[in-house]
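Protein chains in written order, with the working numbering: chain A, 246 to 594; chain B, 94 to 253.
Derived from the structure by calculation, the hints contain no laboratory data. Any given hint could turn out to be false.
[Stated by the list, open to error] With the Cβ distance kept under 7 angstroms, some of the chain A side facing chain B (calculated, not the full set):
{"hint": "1", "residue": "V304"}
{"hint": "2", "residue": "Q309"}
{"hint": "3", "residue": "G313"}
{"hint": "4", "residue": "L317"}
{"hint": "5", "residue": "G318"}
{"hint": "6", "residue": "P319"}
{"hint": "7", "residue": "D328"}
{"hint": "8", "residue": "K331"}
{"hint": "9", "residue": "E336"}
{"hint": "10", "residue": "S341"}
{"hint": "11", "residue": "T343"}
{"hint": "12", "residue": "E493"}
[Unchecked claim] For lysine to aspartate or glutamate, the following EDC-like pairs were computed, each having C-alpha atoms within a straight-line distance of at most 16 angstroms:
{"hint": "13", "chain 1": "B", "residue 1": "K193", "chain 2": "A", "residue 2": "E336"}
{"hint": "14", "chain 1": "B", "residue 1": "K193", "chain 2": "A", "residue 2": "D337"}
{"hint": "15", "chain 1": "B", "residue 1": "K223", "chain 2": "B", "residue 2": "E183"}
C-beta: ideal position from N, C-alpha, C; glycine also.
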Amino acid sequence: MENVELLFLNIAKFIFNWLQSIGLSPLWADFVMLVIKFACIAGIVTVNILILIWLERKVSGFIQQRLGPNRLGPFGIFQTVADAIKLLTKEDIIPSRTDKFIFRTAPIFFIIISLMLYIVIPFGDGMQIVDLNIGVFYFLSVGSLATIAILMAGWGSNNKWSLLGAMRSVAQMITYEIPLAFSLLGIIMIAGSLRMSDIIAAQSNVWFILLQPIAFITYFIAATAELNRGPFDMPEAEQELTAGAYTEYTGMRWALFFLAEYTNLFAVSAIAATMFFGGWQGPFLPSWLWLPIKAYLIMMIFFWIKWTFPRIRMDHLMSFSWKVLIPISLANIILTGCGIHLFRWMGWW
Amino acid sequence: MVLEKDDTEILAKNNIIVTTLEKMFNWGRAHSFWPLSYGCNCCPMEMMAAGAARFDIARYGYEVFRASPRQADLLVVAGPITLKMRPVVERVYEQMPEPKWVLAMGNCAISGGPFKDGYSVLPGADTLFKVDVYVPGCPPRPEGLFHGLLELKKQVQGKA
Ligand code: SF4
């Protein structure tokens with residue numbers, strides 16, 4: 246059991262020692278380890294996406310009383326592989342009137358940002374690439390950069406649908422960034438730290454979902470909007486905007502946007518698991534299994550909501566955030582503050 | 094340069110990797126046609142039925158209907174092409190990235206169907222571009238559409 250728990254840490258230690266034994270200075274060995282860790286993240290992300298897209302198609306099928314992909318491999322598990330091969334070999338169209346540099350860099354920028362989120366995710370006990378002392382702040386600020394990538398895509402495409410989709414997405418993401426940050430503030434006040442490992446340690450007795458249920462709901466709604474997922478998928482609204490900001494993108498360039506959205510989905514769910522569900526803590530199973538299990542359960546709720554609700558209108562979307570979500574999350578912060586003081590005063594905490 | 098028979102065999106031997114890679118690409122393409130959401134008249138209703146619970150086009154992995162022609166692989170011409178619609182269809186076809194395929198669904202798309210004597214309807218989609226698979230019927234049932242898609246899959250994999 247002990248060995249299973251420490252499996253990845255031991256592998257890392259072994260590689261580190263081996264690197265030093267072949268004559269690398271500790272600094273260089275650290276650098277090589279960072280590269281290896283990044284490669285691991287890339288591997289995790291790719292496998293994850295392949296599973297996630299298949300899962301989403303399956304789940305959507307079950308929700309609509311269909312079977313979903315089931316012809317390629319057992320339960321259609323190779324369907325995504327076929328799609329990936331096809332997308333890789335499609336013609337790469339760059340329309341002549343586009344702003345070429347911005348058009349080309351937008352998808353790369355988007356996927357880099359979503360990969361950067363993985364740096365602060367604690368995958369297990371001590372299995373975090375860097376345990377920043379401003380982990381939550383880093384997550385929020387880097388996550389909101391994705392807006393720029395979508396705006397770049399919309400502007401660079403020189404297409405009215407793209408620009409409209411990008412504008413909507415910017416408005417939506419800026420609006421929902423605020424309740425997203427506010428809903429995490431209550432937790433930071435209780436845990437007294439922005440560091441992920443401290444927040445997880447603070448949940449060793451009770452998960453924060455029990456102390457902050459309202460915050461979880463506001464976080465969840467705001468995250469759905471941040472991820473551009475249904476019922477908030479305004480930027481991609483197919484019926485009105487063709488494919489929104491991505492209208493002009495073909496093949497792999499388009500796929501990069503698609504992949505980045507799923508990458509973000511896992512990152513946001515993993516952070517939700519860390520902040521509200523005790524992170525990698527759990528009985529019996531090793532810590533590096535608990536986080537994916539919790540994150541996947543949260544993602545199931547994302548799928549469930551996406552395939553159950555119709556898309557809501559743009560003005561409703563904005564007014565919902567400004568008139569409902571932000572006041573609720575603000576009230577939650579005040580309540581949390583009062584609660585903390587009450588607990589201290591009564592000497593319970 | 095004119096190749097002798099022996100030369101081609103030697104070349105074929107040297108290029109064996111390329112051909113198998115091509116096979117893999119075709120396997121991928123054949124199992125993920127993403128149709129463009131396009132249609133006018135009654136055949137699209139059958140196409141929608143094909144996507145819904147009873148028939149479920151998703152089993153073959155062809156359910157990703159894309160609204161933007163830039164991301165679609167397959168143009169299902171469902172219904173008649175009127176003269177007014179003609180420039181739109183042509184343009185949408187041009188906007189799709191290669192490799193792309195066309196499936197003519199229903200008698201209207203094949204020959205003009207019941208409207209073929211009309212003054213405003215094209216006699217078939219193949220007057221505009223190359224059609225890969227014809228699915229006859231007025232309208233064809235969803236099973237018919239599936240049969241056409243599976244025939245197209247065989248074509249793409251070179252097994253037809
Ligand atoms: S083939 Fe028949 S069913 Fe299909 S569009 Fe034409 S008239 Fe309608």
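Quick rundown of the hints versus the structure:
no.: 1; hint: V304; in the structure: 12 angstroms, violated
no.: 2; hint: Q309; in the structure: 6 angstroms, holds
no.: 3; hint: G313; in the structure: 5 angstroms, holds
no.: 4; hint: L317; in the structure: 6 angstroms, holds
no.: 5; hint: G318; in the structure: 10 angstroms, violated
no.: 6; hint: P319; in the structure: 14 angstroms, violated
no.: 7; hint: D328; in the structure: 4 angstroms, holds
no.: 8; hint: K331; in the structure: 4 angstroms, holds
no.: 9; hint: E336; in the structure: 4 angstroms, holds
no.: 10; hint: S341; in the structure: 13 angstroms, violated
no.: 11; hint: T343; in the structure: 12 angstroms, violated
no.: 12; hint: E493; in the structure: 6 angstroms, holds
no.: 13; hint: K193(B) x E336(A); in the structure: 10 angstroms, holds
no.: 14; hint: K193(B) x D337(A); in the structure: 13 angstroms, holds
no.: 15; hint: K223(B) x E183(B); in the structure: 12 angstroms, holds
In this structure, the earlier hints numbered 1, 5, 6, 10 and 11 are contradicted, and the remaining ones agree with it.
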